[in-house]
Structures are given as structure tokens and as C-alpha cells.
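Engineer: Chain residues, written in single-letter form:
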Amino acid sequence: MSSTLAPNKTTPAPRVITTEPRFTDKVFRAVVTTGGMISLVLLGLIGFFLVYNGFGAMREAGLSFLTGFDWVDAVPEENQPAAYGVGAMLYGTIVTGILAMLMGVPIAVGTALFLSYYAPEWLKKPMVVIVDVMAAIPSIVYGLWGYFVLMPHAEYWAKLIHKYFGFIPFFDMPAPVFTRSPFIAGMVLAIMITPIVTAVSREVFAQTPLERIQAAYALGATKWSMIKAVVIPYGRGGVIGGAMLGLGRALGETVAVYTVLNLVYDIRIEVLLSAGGSVASMIVNKFGEADSVELQALMAAGFVLFLVTLAVNFVANTIINKTARE
Amino acid sequence: MSQTVLMMKPQRPWKLTPKQILPDAIGALFTVATTLLLVAITPLKGKLGFALVLIAMAITTVTAISWIRRDRKAAMNSTTTVLVYIAASFVIIPLASVLYEIVRLGANALSFGMFTADMSLTASDSPLNEGGLLHALIGTAYVVIFATILSTPIGVLTALYIVEVKGRFAGVVRFFVQAMSGVPSIVAGLFIFAVWMVQLGNAYSAVAGAFALTVLMIPTVARTSEEVLKLIPGDLREAGLALGATQWRTVAMVIIPAAKSGLITAVILGIARVVGETAPLLLTIGGADAVNLNPLEGNMSAFPYHVWKNLLIGSENAISRAWQGVFVLMVIVLIFFALARYFGAVKGNKK
Chain A
1 MSSTLAPNKT TPAPRVITTE PRFTDKVFRA VVTTGGMISL VLLGLIGFFL
51 VYNGFGAMRE AGLSFLTGFD WVDAVPEENQ PAAYGVGAML YGTIVTGILA
101 MLMGVPIAVG TALFLSYYAP EWLKKPMVVI VDVMAAIPSI VYGLWGYFVL
151 MPHAEYWAKL IHKYFGFIPF FDMPAPVFTR SPFIAGMVLA IMITPIVTAV
201 SREVFAQTPL ERIQAAYALG ATKWSMIKAV VIPYGRGGVI GGAMLGLGRA
251 LGETVAVYTV LNLVYDIRIE VLLSAGGSVA SMIVNKFGEA DSVELQALMA
301 AGFVLFLVTL AVNFVANTII NKTARE
Chain B
1001 MSQTVLMMKP QRPWKLTPKQ ILPDAIGALF TVATTLLLVA ITPLKGKLGF
1051 ALVLIAMAIT TVTAISWIRR DRKAAMNSTT TVLVYIAASF VIIPLASVLY
1101 EIVRLGANAL SFGMFTADMS LTASDSPLNE GGLLHALIGT AYVVIFATIL
1151 STPIGVLTAL YIVEVKGRFA GVVRFFVQAM SGVPSIVAGL FIFAVWMVQL
1201 GNAYSAVAGA FALTVLMIPT VARTSEEVLK LIPGDLREAG LALGATQWRT
1251 VAMVIIPAAK SGLITAVILG IARVVGETAP LLLTIGGADA VNLNPLEGNM
1301 SAFPYHVWKN LLIGSENAIS RAWQGVFVLM VIVLIFFALA RYFGAVKGNK
1351 K
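If you read the protein sequences in the order shown, they are chains A and B. Just so you know, we're using the working numbering here: the first sequence kicks off at 1 and counts up by one. Just so you know, we're using the working numbering here: the second sequence kicks off at 1001 and counts up by one.
Just so you know, not all the hints are guaranteed correct.
[Unchecked claim] Using 16 Å as the maximum straight-line C-alpha spacing, the simulated EDC-like pairs for lysine to aspartate or glutamate come out as follows:
| no. | chain 1 | residue 1 | chain 2 | residue 2 |
| --- | --- | --- | --- | --- |
| 1 | B | Lys1166 | A | Glu155 |
| 2 | A | Lys223 | B | Asp1071 |
| 3 | B | Lys1047 | A | Glu155 |
[As the list claims (entries may be wrong)] Label-pair restraints from in silico Cβ distances:
| no. | chain 1 | residue 1 | chain 2 | residue 2 | range |
| --- | --- | --- | --- | --- | --- |
| 4 | B | Gly1244 | A | Ile98 | 45 to 51 Å |
| 5 | B | Val1082 | A | Glu211 | 27 to 33 Å |
| 6 | B | Arg1341 | A | Ala215 | 32 to 38 Å |
| 7 | A | Gly62 | B | Gly1234 | 54 to 60 Å |
Worth flagging that the hints you see were computed from the coordinates, not collected in a lab. Ideal placement from N, C-alpha and C gives every residue a C-beta, glycine not left out.
With the sequences and hints as input, model every part of the structure.
Structural biologist: Written out as C-alpha cells, the structure reads:
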């Protein structure tokens, strides 16, 4: 009594060749994709919640939220309505940002050129460390240093500038108060953005094709002629992008600016005068004693700052990526 | 019968002869001499006057020498060389000044027992041998540890998504992470305040601060990890897959171990980035003078907050306390910075 299996005549089905990932890989990909999307979601949530919380203030003020100069709370006893506008602060932010670029970018680009083409070998490494350490110093440290160490010197420099260049409207002084001016804030910001501008510039300079550099030298160019003819045209986009990244940092800087800048809700072109504006510093300044209405306005101001810095960063990164790819 | 072998004397044509150095040496002497003379006889006074005249004289002398010896192009080259050197030295001066002042003003304020006491029984104006930084130390430890726990997986997963999975949105994610690293820290603080406090009704606490720092830390971790993962040679991936491993096994057993030191660097760089952040903490942790061991509720302090508070108080002892806090904060930042460089250098990653 034996039971034999029926002989299997059918040939096995051909193995299915597929790129379908295994189950574990599906899980893995799902997890990684979710993780990768978190940053996108976060960025979206930041915008959403700032708008959501600040919408009331923005609707109340309408366009004058962007153009208004006043930031006054409502005083019910005097029948004075609240008026919130970030115009003056936005203007001040841009002024200090531009001043920081004017002072910081030439130094940063010079340093990048130095590191790429001038520095002796032994100096390169320490110099790179120095720039990196500068980037690692927290903003509160720059704030403290700017207020107690730099300001006395900078005040004196501002007085000299006013004395000799006072005929230029920017350096005019309606009142002799030189401390905590946009000039000084710009100087502190210039120091703070130098590392990032240097790093980005150095990166694009390093990508300059070596054969073009050598060709320039072979044609008898001096070092500067070579830089002018090869490095600068090649790296211009990257340097501009780096400068804009620095501008983005400068626009969003809070604590360091707060300590060295006197916030005044007015638009002034005199950069040496102790009166400036900064959206980020204003938020910190007003946050402590804000009621719920003012808090909405602060959220809206934060949203404006978020949009401005995001836009600057988008443009900067686009330029840098384009330069790097060429 | 002797044969004279002509041996060429080894030469170093790149070494400058005294004759070649002479004009430069004379130029340098001339620059210093005229500077001293000008500062002495003109109304330009002080360090600033000296520096300005020195720069101007250096440029003119060097340019003039090159022009006389060669031509206009060489003169231009010399001018820009001096300018580039000046730019580089302008980077060193502020950093040296910052570090010097921190040591000078901060080291004076250091005291024994600054990590054994908090400020709950001490006014900011009291002498520095009373009170301490314990509350700030614990607060900073809490916010940084929680932020690290939250942001490390997200940052590394983001990098894996961009480099390993290469999903449909890899380019978009990469671009937005780049943009996210430019989000101002105050905006991160406002965002957490809007969600965690206003919408969800929570109070100030260390975790709220940690959430805000997480937002700032993710881009740093993600971008550095991405760079590190890109350095892993494709051979390793292909070898893993050719042995029949799934992608998950390849990443977990081959890629991550190979990139370990780089990933550690990424996390440490992220910590160094956020440990000194002040603005987001001002909106989220509330500040406290007493040690608070509960990270989930109750006001919390941190080094940046402590420094900020004492700076605003502004009396002499409070300012000393601020410098003391800054000194300790800087030591922490530099330790993390050194660690990052150490782990970054283990693999011989060229920087």
C-alpha cells in the first residue's frame, strides 16, 4: 500500500522578474519618505500658523500693515484705536541689512580670494578654522560684544564720518546721538554674515576650471589679471548668491541687533543716528507685554519677516545652484 | 687617472635672493617710517589714525614700487594683493577681540560653585560669589537634548530620502531644506508659540524651547548628513545589493556604518548651531531663576536666557553675570565645535 505522488508533468512557471521592492523595502521607503517630507510640512506649517494667528491683525489693518509706521496699542480711555504697521521696522531691517552687505561682503569676498589664491599653505587651515569659529559664535555673544566693546569705538568712528562726510544726507545728524545706530548694527551684522559669504564664495572659487587659470598665467597674466579675467566672471553668480544668503541672515537676526539698535518707529535716512528698525527685534521687544490683539499683530509681523527671508533665500539658493551646476 | 665629476650644486630658484627682497624691505621700512611721521605731525591721532595711515601708505608704497620696477598691470596686482590681505586681517580682528573680551571679562566673573547654585535666592545685583548658573545649565541641557532627539531622526531621514531613496520630490525637499536653514530663529520661536501655546494651550516649558530649536536644527543635520552620504562610494551600495540584500539592509548594514562618523559630525554641528540660540527661547521657555528638573512643565532657564536677562537688568554685577554666562556658553560651543572637527577628521574628510 503505497501512495505515490502523481508525477508532475507541468514545467514550473517562469520566475517573474520584477522591480517591485520587497515588503521590508516598502516599509523602509515609506518611513524615509515620511521623514523627508517632515521638513516640507514644517515649513508649510510655519507659514500657515503665523497667518492663521496673525490674520485678524492683517485684515484689520489691511495694506497699511505693510506701509504704516505706527505701532501703538489701543487706549480705550482716550478713544485711541490700536494701529499696527511694520512699515518703519521693515524699512529699518532692509537698511541695516544693506549696510551689513556693504561692509561685510567686500571683506568676505576678499577673504575668500585670500584663502583660494593668496594665502601661504601654512596659513590656510588656521584661517578656515577662524572663519568657522566666527560662524559658530552665538548671536547673543555678538550682541554683548557689540554693545560693550564695539560701540564705544564705533561711536567715535561715526562721529568722524559725520564730521568729514556730514554733507552727504546719509551721514547728516539731526541730534547728536551716535550710539545704537543702524551704522553700528550694520557693522555687527557684517561680522556675523562674513563667514557664510566667505564659505559660499570660496566654494565657487574652488570650482574655477584649473586649465583656464593656467591658461591665463601662461599668457603672462599677473595674479590679479587672472582673477579678473577668469575667477570673477566664473564665480560672479555664486558670490552674488552668497551675499544674498548673508542678507537673509542679516534680515532675520534678532538678539544681536536688539542690543545695538535703538528701535524708533519712523523712517530716517540718517544711518549714523540712534534710530533704526528691525522687525525681528521689535517682535522680541513687544512680545513681553503684548495683549492678545497685539500678539496677533506680532504673528503677522513674523509672517512678513518669514516671507521676506524665504524669498531672499530662494533667490540666493537658485543662483548658487545654477552657478554650481555650470 | 682621476675623473672629475661635475656635480651641479642644488639650487633653489624659488628662494628670493637678498637683492630681490631689498626693494620690498625698503618699502616696508618706508611705510612704517612715513606712517609714524604722518601720525606724529598731522592731527590724525590714536589707533584709528595709525591704522588708516598705515593702510594708505602700504597701498601707495607697494603700488609705487611695482610701477617703477615694472608697469601699470604689476602695480594693479600689488594694490589688490594688499587689499586682499587687509580684508583677511579684518576677519581676524573682530574674532580676536570677541574671544579676548570674553576671556577678560568672563574669566574674572568665574567663581567656585557657579554650577552648584541657582539664582532663586540671589538677586542679580549681588556679588558674584553668591548664586550660580545651575538652573541655566540644566535648562540648556534639557532643551538641547530634546531638540537633538527630535531632529536627528528627521534630519538623517531627510538626507536618506534625498541621497538613497531619491524619491520623486528629492530635488524639492533638498531645495526647501536649503531654504529652511535661512528661517530666522525668531520665526521658529513664534511658530512654536503659535502652535504649542496659543493653539494647544500649553504653558512655557523646556520642551516648547526644544521644539523651536528642532525647527532650526533639522536643516543643519539634514544638509551635513546629505553631504556625508554623498561621499559614500556607489560601489558599496552596489556590492550590498549584488549580495542580495534589500535596500533597507544595505542602508542599515553598509551605508550607515560607513557614514557613522560623518553623521555624528552632522548632529554635533547641529547642536553647536542651536546651543546658543536666544530668540526662540525668549518666546518659549519663560525663564526661571530656580532649578526646574521637570522638562515637561514649568518655566525654564538656559544660558542664553540667563545672559539676556542679566544684560537687560544692566547693573554692574548683572553685567558681570552676563559675561560669566557668555564665557561658559562659549566654552560649550567651542567644545562642540572641536568635537565636530575631530569626528569630521576621523575619516579624513577633506574640508
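Engineer: Which of the numbered hints are not met once you compare them with the structure shown?
Structural biologist: 1 and 4
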